[in-house]
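Dock chains B and C against chain A, hints included.
Protein chains in written order, with my numbering: chain A, 1 to 291; chain B, 1 to 288; chain C, 1 to 221.
Treat each hint with caution, since some may be false.
If you anchor each label on the Cβ, the simulated ranges turn out as follows [stated by the list, open to error]:
id, chain 1, residue 1, chain 2, residue 2, range
1, B, THR89, C, THR195, 36 to 44 Å
2, A, ALA41, B, ILE143, 54 to 62 Å
3, B, GLY104, A, GLN63, 18 to 26 Å
4, A, GLY269, B, THR90, 49 to 57 Å
5, C, GLN3, B, ALA107, 48 to 56 Å
I should point out that these hints are in silico values taken from the structure, not numbers from a laboratory.
Just so you know, these numbers come straight off a predicted model, no measurement behind them.
Cβ coordinates follow ideal geometry from the N, Cα and C atoms, glycine included.
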Amino acid sequence: MKLLPLATALCLASPLTFAAPLHVVASFTVLADMAKQIGGADIEVKSLVGPNGDPHSFEPTAQDSRALAQAQMVVVNGLGLEGWMDRLVTASGYRGQLTVASQGIKQNRMQEEGKTIVDPHAWNSLANGAVYAKNIMQALENADPAHAQQYAQRGADYLKKIHALDDWAVKQYQTIPQAKRIVLTSHDAFGYYGKRYGVTFSAPLGLSTESEASAQQVGSLIKELKQRHIKHYFTENQTDPRLVTQIAQASGAMPGGELYPEALSTQQGPAASYLAAFRYNTQQLLASMRE
Amino acid sequence: MNVFQPFIEFDFMRHALLSCICLSLSATPLGVLLSLRRLSLAGDALSHAVLPGAAVGYLFFGMSTLAMGIGGLLAGLIVALLSGLISRTTLLKEDASFSGLYMGALALGITLISVKGSGMDLLNILFGSLLAVSHQALCFTAIISLCSLAVLVIIYRPLVIDTFDGDFLRVRHKGLAVSLHALFLFQVVLNLVSGFQILGTLMSVGLMMIPAISARFWAQRLLPTLVIGAMIALLSSVLGLLLSWYSALPAGPAVVLCSAVIFLFSCFAGRANGGLAHFYRHRSGALH
Amino acid sequence: MIQFTHLYAGYAGRSITPAITGSLPKGSLTALTGDNGCGKSTLLKTLAGLLPACGGHYQCDSANIALLPQQQSLDRTFPLTVNDIVCMGGWSQRTWYGRLPHAVKVRIDEALTLTGMSDLFNTPLNQLSGGQLQRTLFARMWVEDSDIWLLDEPFTGVDEPTMARLMELVAQASERGKTILVVLHDEQLVSRYFTRQLVLAPDSAQWVNPTVSTPSLYRVS
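So that you can see chain A by itself, here it is in the shape it has in the complex (with noise of 0.2 Å):
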């Protein structure tokens, strides 16, 4: 007798589930348009970490302790890029699932001062791309499970997406001689793209903007960029350009312009979602590479 009412209860409350998107927080932008464009009109997104913002050393605010505590979905990407994420997330009291969007990805181990660390910068290769956009997909569904065949649509259709940019970026750097596919930037952010597309990336910072440049690694970089004749210097949208600028000055490289590895620029600039950051960088790196 008691399961009447309770099954009317449901019904009742069930359009009411329908009606509200679903609350999602993302760490970072480039997971925040990923989710965006699997979840669409179903969802909510918040990036903790904003446009051009450095998602290494991040500052919370209050309100962002807030969104998280009120989320039903939160997505990072793991791998030691938020350190922050983990104090963050106790401290708000949200006590649902933590999605890893890194997960099962093939991660790039990196010898840095005596010890190996793991590359968090996963996302810049569109075969990883993939991997996040499904365990997303897979995410939203199980949160959201009223809307999983609206999801599993979208993911379908991203996928495609990605996939179809990957191959375009392959064939266009198969079109570039090896010896040319040398590029300076800020930090060691492009590893899994370089790997993926066959471009080397030298960079003055470690894996993470938070250390500092020693003059040893500095001298080491110009004279690695010397010897292997590398002419184009990128600098990225988050960090401090001044570095860069002093090193591509001594060992001659030219600005060959800005990427955006690990945030996405605001609406009006040219990296605004995922995709069209990827297709911005790789256009500006394969400008430089023909020159």
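Only chains B and C this time, still in chain A's reference frame:
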């Protein structure tokens, strides 16, 4: 192999060293006088007070040396003037009024930068980029150092008199003491602003103060103290940069660390007033 | 010549002396005595122009005033030598490019000789005894060559011979026409050297002639 090879071979090392040399020559003597005027911590406070001004410059003009420099100068002067006003009209002494203001200024600066920029920009402003000193920034620093030294030479004697016995100057020349103090603080802020793009706001005061107080252990008279202070700062810069090169330590902190080590050594072994010297004087029963 | 009319001295608007009326004629040598806290130093600082008067007013016919501070207000570890300190006295007489005129150099030598500090002119401040520092400060005052001397407890921690020597200097200065006011605690010293005395108490300021064995009150016109 020449130990100084990195300086010969690389532009950025030379720029770093030259900018530190400029700072050593103009800022450290000011540091000596600052410590004699019992305002050592005020130097620290002023270096933090500079931040909101630099932040405003950054908000409007990005990482522009000139904009952030002018903004920082104005902010530092405002804090210096305010604290002077507070100390003259209330019961607080100058160092207390400084400490009341500078923390607020620092927090304001951090807030302003966080509004537009990322944590990275904030860290760069706080800690500077010693290895990223451009030619333009070096010229900027050199000009400031030259002007600062010139002013110091001109006001040296009355400044020393005022530092030793404030009333002496005030009896005959009432307005002069106040003007001198204002001009002196202006020089301090100017040098801190010049230093913050090199060593950052948190540590430029380190190169100003630590060699200055180390010098007190090596000299009995004022002029030698100023010269020795500058030389210790120079030595710290060279050693710090070499350490950064050969041991892969971050450059700015390495310079300040070296000066701190020299300070500890001076406390102990300084010929003029160091611990050992005191010990031997007591042992031999010398009159003093 | 300094004239006081109902002068109150104090800090930040609050006076700590009673009303003082009287005058110090040119070339006079006056002792200023009283218990601690009665405002002797404060009065001196007010006359020097360092503190604003809290009430009434005073008039100095010369702006050329020298103040000898209490020793404890100075930093004994300051890296200066005796010569540096004595030369401070001649600062306002330097040329625009910083050179000391010959006349001033002569005065400096004279000052060092009179105070007996000639041999110690290169000694750093932190190696001086109390008496030696006092003599140095006197020498500086001598070089300044002001019309009015205000001395704040100049003989604290100074031995007998030094005191006698310095009082000689003060007497000489007074004979040359300087108006001198000295804050003292030692009544014997007052009666030995001074013919005029201003005694400060919390509620009264009395002008006294100390050479008379029983002090009698009379007003100075």
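Evaluation of the provided hints:
1. THR89(B) <-> THR195(C): 36 to 44 Å: 43 Å, holds
2. ALA41(A) <-> ILE143(B): 54 to 62 Å: Given a distance of about 59 Å, which is inside 54 to 62 Å, the answer is holds.
3. GLY104(B) <-> GLN63(A): 18 to 26 Å: Roughly 23 Å apart at Cβ, these two residues keep to the hinted range, so it holds.
4. GLY269(A) <-> THR90(B): 49 to 57 Å: Because 51 Å falls inside the window, the suggested range holds.
5. GLN3(C) <-> ALA107(B): 48 to 56 Å: 55 Å, holds
Violated hints: none; the structure is consistent with every hint.
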